[in-house]
Structures are given as structure tokens and as C-alpha cells.
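Q: Protein sequence lines correspond, in order, to chains W and G.
For the first sequence, this note's numbering assigns the number 464 to the last residue and increments by one with no breaks.
For the second sequence, this note's numbering assigns the number 209 to the last residue and increments by one with no breaks.
A few of these clues could be false.
To be verified - Pairs of lysine-lysine residues, derived as BS3-like cross-links and limited to a Cα-Cα distance of at most 27 angstroms, are as follows:
1) G:Lys-156 / W:Lys-167
2) W:Lys-85 / G:Lys-12
3) G:Lys-135 / G:Lys-52
4) G:Lys-156 / W:Lys-323
To be verified - Some chain G residues near chain W, calculated using beta-carbon distances under 10 angstroms:
5) Gly-14
6) Gln-24
7) Glu-60
8) Arg-66
9) Glu-70
10) Ile-74
11) His-100
12) Asn-117
13) Val-121
14) Leu-148
15) Thr-151
16) Met-152
Unchecked claim - Listing some non-contacts, in silico: residues in chain W with all C-beta distances to chain G over 12 angstroms:
17) Lys-85
18) Pro-319
19) Arg-406
Think of the hints as simulated: they come from the structure by calculation, not from any bench.
Treat the numbers as computed from the prediction; the structure is a model and nothing was measured.
Glycine residues also receive a C-beta, built at the ideal position from the N, C-alpha and C atoms.
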Amino acid sequence: MNGKTIVFDALQGKQTPRPAWLPFVGVHGGQLIDAAADRYLQSPDLIVQGLTRAQELYRPDALPIVFDLQLEAEVLGCALQWADKTPPSVVTHPMSAMEGEGRTLDDLPAFSTDAGRFPIVWDAANRMRRGVGDDTALYGLVTGPFTLTSHLMGNDLFLQMFDDPMKVEQTVRFCAGVAKQVAGAYLDHGADVIAVVDPMTSQISPEHFEQFVRPAVNDVFDFVRGRDGFSSLFVCGDATRNLEVMANTHCDNVSIDEQIDLTTIRNLTVPRGKSFGGNLKLTVVLLMGDADDARRDTLRCLDAAGDAGFILAPGCDLPYDVKPENLQAVAQLVHDPYQRDVARTLSAKADDDFADIALPDYDASSPVIVDVITLDSASCAPCQYMVAAANAARDRLGEECPVEVREHKITTREGVGVMSRLGVAALPTICVDGQVAFSSIIPQPQMLCDTIVERRQAKGFAVS
Amino acid sequence: MKPIPDLTEAIKTGNRALATEATQRELDAGNSPQEILAALVAGMDDVGRRFKANEIFVPEVLIAARAMKEAMAILEPKLVEAGYEPLATAVIGTVQGDLHDIGKNLVAMMWKGAGFNVIDVGTNVPPERFVEAAKEHSAQVIGLSALLTTTMPAMKQTVDAVNAAELNGVKVVIGGAPITQSFADEIGADGFAPDAASAVDRVRDLVGV
């Protein structure tokens, strides 16, 4: 079963043998190939290079082609300001009377999926389709109709919702038409899933969502279904109050940000035959945290979501500077149930400082002490080899250089305590007299013997 | 203070026609400008409370703030005549590198609604501009907004610039989608507000009004 099948099953609410994993690599792809965001989003070559690198590093089941909610607005006459580490920002709102020229829909440039930067997107989509598309589901992200309306109208939108609701409805409907054109082109160029990304809807009430947004997004979702594609409604930001009206739209999947309670969205989507996804914390965990934080947050999501109808993804577009090792840590847990067990054991004990777990006085001990930290050598093959390597070195060195081997299983509190106090980050690991010597990789016998002999001599004991 | 229920209600519901009409009516009836202001502020306080409780959303706050603004346009000259001093003067802007203004505008409106004198220095504002504006207007508070994680460092630079300028007793309050209390503590900001309504409370606490 390849990644794409896992995503398709998850989208249909089915159980999956492991979590489906969708890192929203947008401008972050630029970081991976050392290209600034502005160059990245204006070059099909760079986009393909960034995504290809992301594919290697993060082993995703699905990838977005681009994450840029300004593509449609740019074609419709909004000016953009570019930046090094973020997607461009819309800086003019042509339909705003307060901040812009107060244009009408008829005055806007005609929309076309051949205009602006769209040809770049289609080129990248075609190439990704050929490159990884057999195994990886490709997401086409379209700007949601309400968010595109806010690009066009600026802050006028919020006031016009009360002053001139007809005009707002008409504009949102027009933007849904744009979204359908973009969705259609994405499907033509090999996308499997259309995500309607409508973050601005998190700023309005459920009543306003029903009035302005629901008919428009349903128009897009019905169109995508007619073309045999999957669809997702993706709202970055705190959409807590709108979850129910979101789940009532015609999409296959609802994707939510980090502020949302996963159990709530699961209970709103699964009974309606829909799937759900998102929720990994972008800023405090993926951007500012370390790999352990990423592991803990991954487990939190997986435990709350269960094993059916869930797509693990960050809450929104990955910031440029997210640490690749954090996303690799997520990927590791996605692909390896054993790593999930390890992380679960560790996270349960994270609050303990293990002050009472005593370490030997390594410097004073005549035998060199080899600590092997394992999950449990009885049930974990690499752990078994690691312990065997340590025992083999002890036997080989014999009387000439006495060695004491101790296994610490992290299925016990003592084991986790030793691991934590020795600063061990990966399993299995061999420490020689309290220093991490070999992590994850089983050492060659001679290499381990040399390390041990060196250490014994450094302590001032003779090696005969 | 004598309550003016229909004026307070006009602000709560964003009814600008009623807000301006009732303000004018109360002035014509000889009611004191301070009393009328108190009725308007009571309306905005209620809007802030409901926004914080997730009962209303950005559009509802914006129409309330617009009604407040139009009523204030009538009231302000009378307040000046009566020698009324604003409770506090606050400079507000979005930090350098960040062009997002919805959050900043909301806070500015809520602050105005609370009776503060608000100097809006706009978006993409360099640290020294905040300092200059605070000096020029003898502000007690500087409010910094950021939506992008990439512009959070600009917040720290602005706090550093304010500290370096040794502005007497000026407090810095920060907020925006990625901002947390721990980030505020880390960069030495005086206060953090998770939403526009809390930003009013924070200034009231810090300035003691």
C-alpha cells in the first residue's frame, strides 16, 4: 500500500495501517534548497527542487504543489509585496472604496488560469506528477472564495456584510467561479485533491458563514466531485465556532489549525462520512521547538485522532524556517510504529527529573562501564544487536581490559532515568563510561573495543 | 453618571444612525460630554466582552467601532471645549516587515472606544518610528502588532529601541496571532493581549485608569 492509497483511504474515512502524512511545504521548500521565498514562488524549477527535497527528507504521503493564496488575487489586479521568508502579501484592494479604487467586479481584469504566475504552477504540477505522482497524492490549493473576496475588498468586506450584503454575496459567488477554474486546471495538471483554503472565514460568525460562504464553497466542492477529485475545506486560524457549519459543507475533508480540539472536529466529521486533518503546532513546536517536541505533538495528534479518516498535517503553511529535523522526527513516527512506542514511553515520563536515579562513578570504576540503552532487547531487534555488540566486546577484551555491560530498558523508570541523565536522544545507544558513543548504528566490534581501551587508558588503568 | 440606554445599545449593535442621532440629542438636551462618552464606552466595553467570549466576530466589532467613531466626531469638539483629557495616549502599529493591519486596526478601535487618544502609525513600522511617535505625543503606551512569525524578531528590536530611548514610564503591549505571554516575557514587553478586548484591559492595568 503506497502513500497515495493511504491518503485516499484516509480521505474516505477508512482505517489506515499507519497515519497519512501531509506536510504543507510551501515557502519552506525554499529553505530546503537555499532559495528565498520570492525566487522560489516565481520559478517552477525551484518549486520542483524544493518539493523533491521535501519528498526525500519527510517521506510524505501527500504534498501541496504550491501554498500561495495570492495567485488568484494577483491576476485580478491586487498588487503584491514580496518577502524573503513568507509568501507575498496583498497590499492593494481594488474593490475597496476606503483603501483602494472602489472598482466593481466588471472593472476587474478578466480571470484566466493562463495569467499571472499560474503557468509556473502548472509546469511544477506536471513535473511533480511525473516525478512522484504515482506514490504521492498531490494537493492543489485554491484560494477560498471568502479570502479572495477579502483580498479584493479589503476591510470594506466586513462593513459591507451589513451595509450591502447583496454585493458581498455576488463577489463571493464570483470568487467561487474563479476557484472552480483554478481547481479544474489543477485537476487537469495531475492534482488528486483540491483544498479550498479559506482562512478569513475564521473571523466571521457561523451565521455569516452560512449566509456568505457555504453556498460558494459547496459550488466548488460539487464541481470537484463531478470531476472525480477529492476536496478539502482548509481553514487556518481559530475556527472553533465554525466547525459545525464547516463540517456541513459538501467537502470530503476538513483541515484545521492548531487551536482546534481534534476530538471535536473528529466527532463532527466522521459521523457525516467525512475525514479530518491538520493540528500539528506550527510555531511553538515545529518552528521553535526541537525534535522531541515534534514527537510529542505528533503523538498528541495521533492519539486524539485515532486510526481512521485522519490526515496528519501542520495546522497551516509551514513557516520558511521550520527545522527540517523536526519534520523528519514526525516522519519517523509516521513510518515506524516502534518509534511511536519509544516516543510514547519517553513523553509519559517527560516531567520526571530522575534525581533519585544514581549513576556510577565512572572515573573511579576499574572496569569500563558500557551502558546500553534500549527499548527492550527481547522485543526490538536493533536493541538486541546493540546489546550483543557490547557483550562481544567485553568477551573479546577479557581480562586484559575488564568491561561491565549494563542494559537499561526504557520500559522501566530506571531505564528512562539513566537515558535522561546520560543525555541520550536516540535508541538504541551505547554509552562508554557515561559518554554517548554509538547511537542507532551498531558499531563494528573492533571500533567498540578501541573506544573502550582508549577510555580505560585515559582513566589511568593499564591495559595488559 | 446617568445611563443613556439607547446610545449604549446603538454602539453595541453598530447602529451608526442611532448613535449619531442620540449623541446629538443628548448634547442638545444639555447633557455633559463626559456622560455621553461614558455611555459610548459602556457600549464598546460590552462589544469587547462579547468578542473575547467568542460571541461576536470581527465584522460585528468593526460596525460597532464605526458607529462609535461617527458619534465621537460629533462629541470630540465638545469634549475639548469642556477641557476633557483622554485617559491615556497610545501609539500603535504593526512592526517592521509586517503588512497586516486587521488586528492592529481592531485594537486601535477598541482603544479609541475605551476613551484613549490613539496614534496609529500604520504597518511595516521601523522601531525608531514608534519611539519618535511616543515622544511626539507624550504617549504612555506603545502597542505592537505582528501576524507573521518572521516579524516577531522585529518586535524585540522595537522593545529594545524603546528601552534604549529611556522614555519615561512608557509601557509596551504586544499582540498578534503568533504572540504568547512567554514571548512577551522573553523580549521584555510590559504586557501581552491575546485579543483586542484584552488589549483594553491591559492598558487600563498598566496605566492605572
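Q: Confirm or reject each hint.
A: To see whether the hints hold, each was checked on the structure:
| no. | hint | verdict |
| --- | --- | --- |
| 1 | G:Lys-156 / W:Lys-167 | violated, 42 angstroms |
| 2 | W:Lys-85 / G:Lys-12 | violated, 40 angstroms |
| 3 | G:Lys-135 / G:Lys-52 | violated, 32 angstroms |
| 4 | G:Lys-156 / W:Lys-323 | holds, 21 angstroms |
| 5 | Gly-14 | holds, 7 angstroms |
| 6 | Gln-24 | violated, 22 angstroms |
| 7 | Glu-60 | holds, 7 angstroms |
| 8 | Arg-66 | holds, 7 angstroms |
| 9 | Glu-70 | violated, 12 angstroms |
| 10 | Ile-74 | violated, 20 angstroms |
| 11 | His-100 | holds, 7 angstroms |
| 12 | Asn-117 | violated, 22 angstroms |
| 13 | Val-121 | violated, 17 angstroms |
| 14 | Leu-148 | holds, 6 angstroms |
| 15 | Thr-151 | holds, 9 angstroms |
| 16 | Met-152 | holds, 9 angstroms |
| 17 | Lys-85 | violated, 5 angstroms |
| 18 | Pro-319 | violated, 5 angstroms |
| 19 | Arg-406 | holds, 39 angstroms |
Hint compliance for this structure: hints 1, 2, 3, 6, 9, 10, 12, 13, 17, 18 are not met, and every other hint is.
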